[in-house]
Amino acid sequence: MRSDVAFIYVRELLSSMTGERPEPDHDGDLPVFFNGAAFYVRIIGANDPLVQIFSVAIDAIDESPELHHQINTINRNLRFARAFHVGQQVLIESEIWAVDLNPANFNHACRNIANATDSITPTLVELGGTPRFENSKSDEYVQSKSQMTFPGWSTVN
72 MRSDVAFIYV RELLSSMTGE RPEPDHDGDL PVFFNGAAFY VRIIGANDPL
122 VQIFSVAIDA IDESPELHHQ INTINRNLRF ARAFHVGQQV LIESEIWAVD
172 LNPANFNHAC RNIANATDSI TPTLVELGGT PRFENSKSDE YVQSKSQMTF
222 PGWSTVN
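Its first residue numbered 72, the sequence shown is counted upward by one per residue in the working numbering.
The reader is advised that the hints may include incorrect statements.
[Claimed, not checked] If you anchor each label on the Cβ, the simulated ranges turn out as follows: (1) 73 - 198: 37 to 43 Å; (2) 170 - 198: 35 to 41 Å; (3) 166 - 136: 25 to 31 Å; (4) 79 - 136: 39 to 45 Å; (5) 100 - 131: 17 to 23 Å.
Bear in mind the hints are in silico, worked out from the structure with no lab data behind them.
Fair warning: this is a prediction, and the values are worked out from it, not measured in the lab.
Yeah, the Cβ is synthetic: ideal placement off N, Cα and C, and Gly gets one too.
Kindly produce the complete structure, drawing on both the sequences and the hints.
The following block contains the structure:
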């Protein structure tokens, strides 16, 4: 599958899931308001592309040894996603091969990203920054009942 075909399919999939057809932002990402919270979707690669689903957990946070330690702790326990710091932001991201994308695994990836972001943000924001995903939530947002928990990790760790 080519990236242009994947992009068209992702936009149609997002339209059917959210009722709105997203337009690319200045980075080429598709901003999505899904189940009451803001996500982004990006297509990467010209041939055999990946679909990245990500949220900005924390914005305006400086790099520090403490932040990297927390992100490493998170990534040791996170499944089907990863956390990382880039450009003063902590992102939570998951990927799906475009050829494997379908409504069920896209929905699962979005919920996984939301649960991971909800679980880690309270601890990370103690190190600074603005909780951007948290601030994007509307009254419609409902955290999944299968909230992610990390062994030995709490949101007040």
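Cross-check of the supplied hints:
Roughly 41 Å separates the CB atoms of residue 73 and residue 198, a value that falls within the hinted 37 to 43 Å. The hint said 35 to 41 Å for the Cβ distance between residue 170 and residue 198, and at roughly 38 Å that hint holds. Between residue 166 and residue 136 the Cβ separation comes to about 28 Å, which falls inside the hinted range of 25 to 31 Å. Range check, residue 79 to residue 136: Cβ separation about 43 Å, and the 39 to 45 Å hint holds.
Between residue 100 and residue 131 the Cβ separation comes to about 19 Å, which falls inside the hinted range of 17 to 23 Å.
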